[in-house]
Amino acid sequence: MIDGMSEIADDAFAALGVVERLRAVHSEIAVLQAEEAALMTELYRMRREEQLDLGVGQLYAGEDTATEIGVALKMSQRSADNLIGLGLGLEHRYPATREAFAAGRIDLARVRAISETLTNVSEELLAELEPKIVAYAEGAVPQRVRRTARRWLLEADPEGQAVRREGPRRSGM
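Numbers given in this note's numbering equal positions in the sequence shown, counted from 1, plus 5.
Keep in mind that the hints are not guaranteed to be accurate.
To be verified - So the derived label-pair ranges between C-beta atoms look like this:
no.: 1; residue 1: Q148; residue 2: M51; range: 32 to 40 Å
no.: 2; residue 1: Q166; residue 2: D16; range: 47 to 55 Å
no.: 3; residue 1: R26; residue 2: E164; range: 44 to 52 Å
no.: 4; residue 1: G165; residue 2: D58; range: 33 to 41 Å
no.: 5; residue 1: L64; residue 2: E33; range: 34 to 42 Å
no.: 6; residue 1: G165; residue 2: N87; range: 22 to 30 Å
no.: 7; residue 1: I13; residue 2: S84; range: 25 to 33 Å
no.: 8; residue 1: R149; residue 2: R50; range: 30 to 38 Å
no.: 9; residue 1: D16; residue 2: R155; range: 23 to 31 Å
If you are wondering where the hints come from, they were derived from the structure by calculation, not from laboratory data. Every residue gets a Cβ at the ideal spot worked out from N, C-alpha and C, and that includes glycine.
Model the full assembly from the supplied sequences, consistent with the hints where possible.
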């Protein structure tokens, strides 16, 4: 009887070790995904600058970077374009999200949830809520992050809800 309990305890500790290692690997993957998005964004900026210097119009400069990345990494142009856009958002609008992502405290799915939810939020409201949402995201699944962030946005700015909903529709998202 005692030997059986000892085996169960050993199995439980072994499983706990595997779960802890899984968490560590997941965090390491998030760090690498953050670096990948940052590198794609850096390449976009480089290509854009080169093309602007060559006289390519503002609207079109850098536009083909996603294709270049897609070919190099065997991924769709759309996926590369989305990661470039996400990287630009992290760079310019979401400092707390960028920091947590780069540290591996949140993964790509949570970063996307935060970015998509905060897309049309004013700079003032963003500065107030983004750090709070990021802290919450460290322990929540992406769908819960979206729901909670939307609720906090509604509580903080009920009049802005119509503007936030309309923004993605107008931009074709």
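Between G165 and D58, does the C-beta distance stay in 33 to 41 Å?
Since the Cβ atoms of G165 and D58 sit about 39 Å apart, the hinted range of 33 to 41 Å holds.
Lying within 34 to 42 Å: is that true of the beta-carbon distance L64 to E33?
holds, 38 Å
Range agreement (Cβ of R155 with Cβ of D16, hint 23 to 31 Å):
violated, 41 Å
I want to verify a distance hint. Is the separation of the beta carbons of Q166 and D16 within 47 to 55 Å?
This hint holds: roughly 50 Å between Cβ atoms.
Would you say the C-beta atoms of G165 and N87 sit inside 22 to 30 Å of each other?
holds, 25 Å
Measuring from beta carbon to beta carbon, are Q148 and M51 in 32 to 40 Å?
holds, 36 Å
Could you see if the CB distance from R26 to E164 stays within 44 to 52 Å?
At roughly 48 Å between Cβ atoms, E164 and R26 fall inside 44 to 52 Å, so the hint holds.
Range first: 30 to 38 Å. Now tell me if the beta carbons of R149 and R50 are that far apart.
The hinted range 30 to 38 Å holds for R149 and R50, with Cβ atoms some 34 Å apart.
Within 25 to 33 Å or not, the Cβ separation of I13 and S84?
The hint (25 to 33 Å, Cβ to Cβ) is violated, given that I13 and S84 are roughly 45 Å apart.
Hint violations for this structure: numbers 7, 9, all remaining hints satisfied.
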